[in-house]
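A.B. asks: If you're matching them up, the sequences are chains A, B and C in order.
Every position in the first sequence, counted from 1, becomes a number in the numbering used here once 5 is added.
Every position in the second sequence, counted from 1, becomes a number in the numbering used here once 3 is added.
Every position in the third sequence, counted from 1, becomes a number in the numbering used here once 121 is added.
Check each hint, because a few of them may be wrong.
[Claimed, not checked] Under 10 Å between C-beta atoms, here's a sample of chain B residues computed to sit facing chain C:
{"hint": "1", "residue": "40"}
{"hint": "2", "residue": "43"}
{"hint": "3", "residue": "89"}
{"hint": "4", "residue": "172"}
[What the hints assert, rightly or not] A few chain A residues that don't get close to chain C, going by computed Cβ distances all over 10 Å:
{"hint": "5", "residue": "90"}
{"hint": "6", "residue": "101"}
{"hint": "7", "residue": "111"}
{"hint": "8", "residue": "122"}
{"hint": "9", "residue": "182"}
{"hint": "10", "residue": "187"}
{"hint": "11", "residue": "237"}
Hints are computed from structural coordinates only; laboratory data are not their basis.
Just so you know, even glycine gets a beta-carbon here, dropped at the ideal spot from N, CA and C.
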Amino acid sequence: MPDTTTTSDPSYHVPAEGESDDAAGYYVPGEPIVDTKAPGGPIDERWSTRKFEARLVNPANRRKLSIIIVGTGLAGASAAATLGEAGYVVKSFCYQDSPRRAHSIAAQGGINAAKNYKEDGDSVHRLFYDTVKGGDYRSRESNVYRLAEVSTNIIDQCVAQGVPFAREYGGLLDNRSFGGVQVSRTFYARGQTGQQLLIGAYQALERQVQAGTVTTYTRHEMLELIVVDDGEGKKRARGIIARDMVTGAIETHLADVVVLASGGYGNVFYLSTNAMGSNVTASWRAHRKGAYMANPCYTQIHPTCIPVTGSHQSKLTLMSESLRNDGRIWVPKKKEDCDKDPRSIPEEDRDYYLERIYPSFGNLVPRDIASRAAKYQCDDGRGVGPEVDGVRRGVYLDFADAIARLGRDAIEEKYGNLFDMYARITGENPYEVPMRIYPAVHYVMGGLWVDYDLQSTIPGLFVTGEANFSDHGANRLGASALMQGLADGYFVLPHTIRDYLADGPFEKVAEDHPAVVEARESVQRRIEHYLTVNGTRSVDSYHRELGNIMWEYCGMERTEDGLKKAIDLIRTLRDDFHRNVKVLGSADSLNQSLEKAGRVADFLELGELMCIDALNRRESCGGHFRAESQTEDGEALRHDDLYAYVAAWEFTPEDAGESWATPMGTPVLHKEDLTYTAIEMKQRSYK
Amino acid sequence: MLMAGSGLIFIGFVLLHMYGNLKAFAGHDAFDEYAHHLRTMGTPILPESGALWIIRTVLVLSLVVHVYAAVTLWRRARRARTVRYQVKKHTGAIFASRLMRWGGVTLLLFIIWHLLNFTIGKVNVQGGATNDPYNLLVDTFDTWWLTLIYLLAMTMLGAHLHHGTWSAMQTLGLTGTERARVRSKRLAFAVAVVVTGGFSLVPIFVLAGVITK
Amino acid sequence: MRVTLKIWRQPDAATAGAMHTYELDTVSPDMSFLEMLDVLNEQLNAAGEEPIAFDSDCREGICGMCGLMINGEPHGPEVTTTCQLHMRSFKDGDEITIEPWRSDAFPVVRDLCVDRGAFDRIIQSGGFISVNTGSAPEAHSIQVPKEAADRAFDAATCIGCGACVAACPNGSASLFMGAKITHLGELPQGQAERDNRVVSMVSQHDHEGFGGCTNIGECTAACPKEIPLDVISQMNRDLRKALQHGH
Ligand SMILES: Cc1cc2nc3c(=O)[nH]c(=O)nc-3n(C[C@H](O)[C@H](O)[C@H](O)COP(=O)(O)OP(=O)(O)OC[C@H]3O[C@@H](n4cnc5c(N)ncnc54)[C@H](O)[C@@H]3O)c2cc1C
Ligand code: HEM
Ligand code: HEM
Ligand code: SF4
Ligand code: F3S
Ligand code: FES
Numbered sequence: 006m007p008d009t010t011t012t013s014d015p016s017y018h019v020p021a022e023g024e025s026d027d028a029a030g031y032y033v034p035g036e037p038i039v040d041t042k043a044p045g046g047p048i049d050e051r052w053s054t055r056k057f058e059a060r061l062v063n064p065a066n067r068r069k070l071s072i073i074i075v076g077t078g079l080a081g082a083s084a085a086a087t088l089g090e091a092g093y094v095v096k097s098f099c100y101q102d103s104p105r106r107a108h109s110i111a112a113q114g115g116i117n118a119a120k121n122y123k124e125d126g127d128s129v130h131r132l133f134y135d136t137v138k139g140g141d142y143r144s145r146e147s148n149v150y151r152l153a154e155v156s157t158n159i160i161d162q163c164v165a166q167g168v169p170f171a172r173e174y175g176g177l178l179d180n181r182s183f184g185g186v187q188v189s190r191t192f193y194a195r196g197q198t199g200q201q202l203l204i205g206a207y208q209a210l211e212r213q214v215q216a217g218t219v220t221t222y223t224r225h226e227m228l229e230l231i232v233v234d235d236g237e238g239k240k241r242a243r244g245i246i247a248r249d250m251v252t253g254a255i256e257t258h259l260a261d262v263v264v265l266a267s268g269g270y271g272n273v274f275y276l277s278t279n280a281m282g283s284n285v286t287a288s289w290r291a292h293r294k295g296a297y298m299a300n301p302c303y304t305q306i307h308p309t310c311i312p313v314t315g316s317h318q319s320k321l322t323l324m325s326e327s328l329r330n331d332g333r334i335w336v337p338k339k340k341e342d343c344d345k346d347p348r349s350i351p352e353e354d355r356d357y358y359l360e361r362i363y364p365s366f367g368n369l370v371p372r373d374i375a376s377r378a379a380k381y382q383c384d385d386g387r388g389v390g391p392e393v394d395g396v397r398r399g400v401y402l403d404f405a406d407a408i409a410r411l412g413r414d415a416i417e418e419k420y421g422n423l424f425d426m427y428a429r430i431t432g433e434n435p436y437e438v439p440m441r442i443y444p445a446v447h448y449v450m451g452g453l454w455v456d457y458d459l460q461s462t463i464p465g466l467f468v469t470g471e472a473n474f475s476d477h478g479a480n481r482l483g484a485s486a487l488m489q490g491l492a493d494g495y496f497v498l499p500h501t502i503r504d505y506l507a508d509g510p511f512e513k514v515a516e517d518h519p520a521v522v523e524a525r526e527s528v529q530r531r532i533e534h535y536l537t538v539n540g541t542r543s544v545d546s547y548h549r550e551l552g553n554i555m556w557e558y559c560g561m562e563r564t565e566d567g568l569k570k571a572i573d574l575i576r577t578l579r580d581d582f583h584r585n586v587k588v589l590g591s592a593d594s595l596n597q598s599l600e601k602a603g604r605v606a607d608f609l610e611l612g613e614l615m616c617i618d619a620l621n622r623r624e625s626c627g628g629h630f631r632a633e634s635q636t637e638d639g640e641a642l643r644h645d646d647l648y649a650y651v652a653a654w655e656f657t658p659e660d661a662g663e664s665w666a667t668p669m670g671t672p673v674l675h676k677e678d679l680t681y682t683a684i685e686m687k688q689r690s691y692k
Numbered sequence: 004m005l006m007a008g009s010g011l012i013f014i015g016f017v018l019l020h021m022y023g024n025l026k027a028f029a030g031h032d033a034f035d036e037y038a039h040h041l042r043t044m045g046t047p048i049l050p051e052s053g054a055l056w057i058i059r060t061v062l063v064l065s066l067v068v069h070v071y072a073a074v075t076l077w078r079r080a081r082r083a084r085t086v087r088y089q090v091k092k093h094t095g096a097i098f099a100s101r102l103m104r105w106g107g108v109t110l111l112l113f114i115i116w117h118l119l120n121f122t123i124g125k126v127n128v129q130g131g132a133t134n135d136p137y138n139l140l141v142d143t144f145d146t147w148w149l150t151l152i153y154l155l156a157m158t159m160l161g162a163h164l165h166h167g168t169w170s171a172m173q174t175l176g177l178t179g180t181e182r183a184r185v186r187s188k189r190l191a192f193a194v195a196v197v198v199t200g201g202f203s204l205v206p207i208f209v210l211a212g213v214i215t216k
Numbered sequence: 122m123r124v125t126l127k128i129w130r131q132p133d134a135a136t137a138g139a140m141h142t143y144e145l146d147t148v149s150p151d152m153s154f155l156e157m158l159d160v161l162n163e164q165l166n167a168a169g170e171e172p173i174a175f176d177s178d179c180r181e182g183i184c185g186m187c188g189l190m191i192n193g194e195p196h197g198p199e200v201t202t203t204c205q206l207h208m209r210s211f212k213d214g215d216e217i218t219i220e221p222w223r224s225d226a227f228p229v230v231r232d233l234c235v236d237r238g239a240f241d242r243i244i245q246s247g248g249f250i251s252v253n254t255g256s257a258p259e260a261h262s263i264q265v266p267k268e269a270a271d272r273a274f275d276a277a278t279c280i281g282c283g284a285c286v287a288a289c290p291n292g293s294a295s296l297f298m299g300a301k302i303t304h305l306g307e308l309p310q311g312q313a314e315r316d317n318r319v320v321s322m323v324s325q326h327d328h329e330g331f332g333g334c335t336n337i338g339e340c341t342a343a344c345p346k347e348i349p350l351d352v353i354s355q356m357n358r359d360l361r362k363a364l365q366h367g368h
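So here's chain A without its partners, still in its complex pose:
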């Protein structure tokens, strides 16, 4: 566990007002934004207060209220199941061929809960504390406290559903410690926790399908949000336009309320640990319709992934962080050793750089530090593994010492499945040759802005799971994304959404309402556009190029110049995309290039906003490292006086009218100040 010192570092540089505004000119300042739903009072009573104050909907009325849920990951499936049980009419959407395949399935490590089964001093308050601190004091304390509070219910619920968590011989649940915390509060199901939790939620969802309360729409992609004026000047979310990916039909689905649980947008980097289809389209379309996007630049980069082998690479595979417990990370001291067999490099020619720079934490420094350090070594020309685009991106993770110390069997017992996975993917035997690892984009903390009720700035549009920004601040603790997804879906949204629905059923919207027609036509126009550009480059080639730009300039380390350059590059690339992309096939059948074109087009807009957000935040915090803001030792340096706020970005419609190349106007920045009453802000140090 890191020591925490208050911000008394002599090098702490407080920029004068204005000096830090790197992003001047890229955005327009707007009114501050406040979360009006969070109740005041003692932190441990806020959630009960809110639940109590949220209005009720009587069971007979629920059958008249309809809810659209986009996404069937942990956040979406759990919400659909629970709201279905409550008796609402639920429609659930996902782009895969079955709800069970949502990206949540890939989570390996585990899920946190403050059960304190180990009697090791854990509590709701400690989980809350660790989460806020892990998020580098950039999350909202009320939300985080609630998350910690309901975490225990999640485990009860999942066990009752038959989720086969790991157990001890006595038949009770087992826990492990995860992500550098000192208590064992992580529940796990071998290396497949996400899968088992998702299957539990999926089964609960399918049960509701059988009961007739939920209808599932698989291989359906949401392409637009329908926002309708309710006649009293309020623009409410009232439905979505979705494309049936098999028949190509553009469908209109109307409802009283829309929930986005569409996951994270890490694929803006092209290579990430996300599933191939993970996208920002649902969120981005909502953003364009008025939902604010919060902290889009906060990205989590995971240090232990399997490195890229060539330009054909389509995605990256994560290996559990637990490997760092026993593996030692090093690179050759001499550049000429980089392509040698690592076993032939003598001890004195190896640089165990983490152990050298961070003697007290060594190989166990936090994710972002470990990631950045690896990048520096490789940029310095001392990376190992195959050369891709002129750079070797990889460092050794060596188990030779551990095998010598503990024996091969012990290592196999602990990490056997990870070693097998590594061997399958790389064709190398990690018991013999050191593993190679490299950081990869893993999770995004940013997302659509929501209030305490998980409602976005568009009334009637709720956002849950990784798609919202709410609980992890600038960095997420290991094993808490699963916790958040299920907390939102099973325990939070069902309460908060009823307060909104208590005003319903809202007046029926006709399919030929101008707002609906406009939404539908805009989708058709876009599809028509991609299919008729008829240029020369494939969608994937644009995606890869965008990914390279993002990784280079908006990845592990960000600088003012780099970000500005990236914005220019993205704009040029986007312009080229709309003139020169080549999408074959038709709109009325399964067309995977067309699907990708829509997603990449949205990534090309999001990428720019991420850079602007990163440019604006001239501090380092959590997953966001601005080279301009570091201590003398190269540690991340926060500026709480200037940046203790959530950056919520408002979209402005295109200034240039109908041109595809300039689809975005200048974004407006709304700040939500973060205040902490239950916890004191501290600067971290891992030396």
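Once you have looked at the hints, place chains B and C with the ligands on chain A.
C.D. replies: Okay, now just chains B and C with the ligands, sitting in the frame of chain A:
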């Protein structure tokens, strides 16, 4: 389930039958006595041949059920995949399991012939007497091609039982654990070997001249 | 590496398909099988031919979205998913035949994509434990012996990919179904609905047009998660018991 039930009845019968046939080694009288006993079994409680008729009824019913189930499964399997693979490997299947249907058909043909041979028609290709079971048997197997047919049929039967026995256990849910599974596989193999072997002995020995009139 | 690919192409469910042959000579042994297809698709796109549609999402072997019949074996020659298969399992100059899962219960959507909605419907018919959100007892009030928990887990690792159906000469989904029945049946939480579950799932299975199981065992050999045949036995046993209980 129907398949397994009727199949198990067959197994029972076949084992019994084999035991009887092996009496051929004990010579003419013992065998004829067995054939006779078949008919008098159960008397006086049952009329002459009563038990035999019960066995026959059960067998015929089983056969009907078995064939019906076989045809149903076959048709379902065909309907489940109307477009065939261009290339298909069979990994994990023992050959016997894929032989089940053709094996079954072969057995059906065999049984028809066999009944004509020994029970209904009592065909003696050597033109000898047909009312003496033992002699009929020896005459039959003195003919090399008849023996060949029988031996082929026995091989098929062996294969059918090899998979069939294990399959029946599996279908009845008696193989729920790794150990039980291994055990029932062994049992299936044993049944197959014993039955094929047991049945084959008589014809072979007749042909070889060990068993004579 | 250079490979010759014979790939099934079919515009949609209603139109007949056929095999097409493609040559690819820029294959690296480090590519995954699907990355090899990505490269082929880039090539086709550049040449003005529509890319080949195939499913994949996680590309980590866990979501169950991918699945191709490769040289007559579901997921190809290794015990893994198609996305985790690498080109180093093939040799320079190999001819590789790629087909979709063939099962009438899994209609072809396009090229190599099939519709596995039947699996969802089987789960709908009873593959769950009925517990409403919020009504769960404290987790530690339910104790599960480790052995049962482990066995349930082994069965629960099924990813719903459909390789078992693709492999089975009878086109049966018994392995998939048996896996779910064993997962839930091993746990105390799953007992209340045990009889009902197996009866409805099996009847839904038959209704979907899957074939009957004759215990051939090709399914388990094709299963990337190595679900053992005992799950089918357990399913049969549960079914027999349920019938005895008067279902
Ligand atoms: C390799 C890996 C390992 C991880 N390990 C852990 C871990 O150990 N512990 C932990 O806590 N977290 C972990 N995480 C993070 C965690 O898995 C995710 O943050 C979380 O699962 C997100 O869940 P979600 O429900 O918000 O979204 P997702 O599961 O991503 O679901 C998104 C859903 O939205 C649908 N969708 C998206 N766009 C559209 C559209 N336009 N139209 C229709 N549908 C759409 C998709 O079909 C899908 O159903 C891991 C992540 C990765 C990548
Ligand atoms: C070499 C092997 C076999 C020999 C020598 C043999 C011999 C005989 C004989 C002598 C009879 C007549 C008994 C009688 O009517 O008194 C008979 C009847 C019969 N055998 Fe076989 N048999 C053999 C194999 C089989 C096999 C493999 C099957 C079935 C799978 C079979 C099924 C029957 C049946 C159904 C009858 C009729 C019984 C009845 O209803 O009377 N036999 N067999
Ligand atoms: C009369 C002609 C017969 C036909 C057409 C036939 C056909 C079949 C078929 C199609 C199966 C299905 C199993 C599969 O494909 O794996 C089967 C199973 C079986 N058969 Fe036969 N068979 C016949 C005779 C016999 C005989 C004579 C015996 C025993 C002596 C027998 C014993 C079995 C057994 C034990 C099974 C396994 C049951 C199960 O799968 O649960 N069959 N048979
Ligand atoms: S049982 Fe195996 S092959 Fe069948 S769906 Fe599950 S994982 Fe795939
Ligand atoms: S291959 Fe088919 S027949 Fe049964 S054992 Fe497997 S489902
Ligand atoms: S793509 Fe997910 S299992 Fe292969």
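A.B. asks: Far enough from chain C: is every CB of that chain over 10 Å from the CB of residue 182 of chain A?
C.D. replies: 19 Å, holds
A.B. asks: Would you check whether the claim that residue 237 of chain A is not at the interface survives, using Cβ distances to chain C and the 10 Å cut-off?
C.D. replies: 33 Å, holds
A.B. asks: Checking a non-interface call: every C-beta of chain C should be farther than 10 Å from the C-beta of residue 90 of chain A. Is that right?
C.D. replies: 5 Å, violated
A.B. asks: For residue 122 of chain A, is the shortest CB-to-CB distance to chain C above 10 Å, so the non-interface label stands?
C.D. replies: At about 7 Å from chain C, residue 122 of chain A fails to clear the 10 Å cut-off, so the statement is violated.
A.B. asks: Under 10 Å is the threshold here; is the Cβ of residue 89 of chain B close enough to any Cβ of chain C for the hint to stand?
C.D. replies: 6 Å, holds
A.B. asks: In terms of Cβ atoms, is chain C entirely out of 10 Å range of residue 187 of chain A?
C.D. replies: 22 Å, holds
A.B. asks: Does the interface hint hold: is residue 43 of chain B within less than 10 Å of chain C, judged Cβ to Cβ?
C.D. replies: 37 Å, violated
A.B. asks: Confirm or reject: residue 101 of chain A is not an interface residue toward chain C, with every Cβ-Cβ distance exceeding 10 Å.
C.D. replies: Answer for residue 101 of chain A: violated, closest chain C Cβ roughly 6 Å.
A.B. asks: With chain C as the partner, please determine if residue 40 of chain B meets the hint condition of a C-beta pair closer than 10 Å.
C.D. replies: Violated. Min distance 36 Å.
A.B. asks: Taking the closest Cβ pair, is residue 172 of chain B under 10 Å from chain C?
C.D. replies: 8 Å, holds
A.B. asks: Minimum C-beta separation from residue 111 of chain A to chain C exceeding 10 Å: can you confirm that?
C.D. replies: 5 Å, violated
In this structure, the earlier hints numbered 1, 2, 5, 6, 7, 8 are contradicted, and the remaining ones agree with it.
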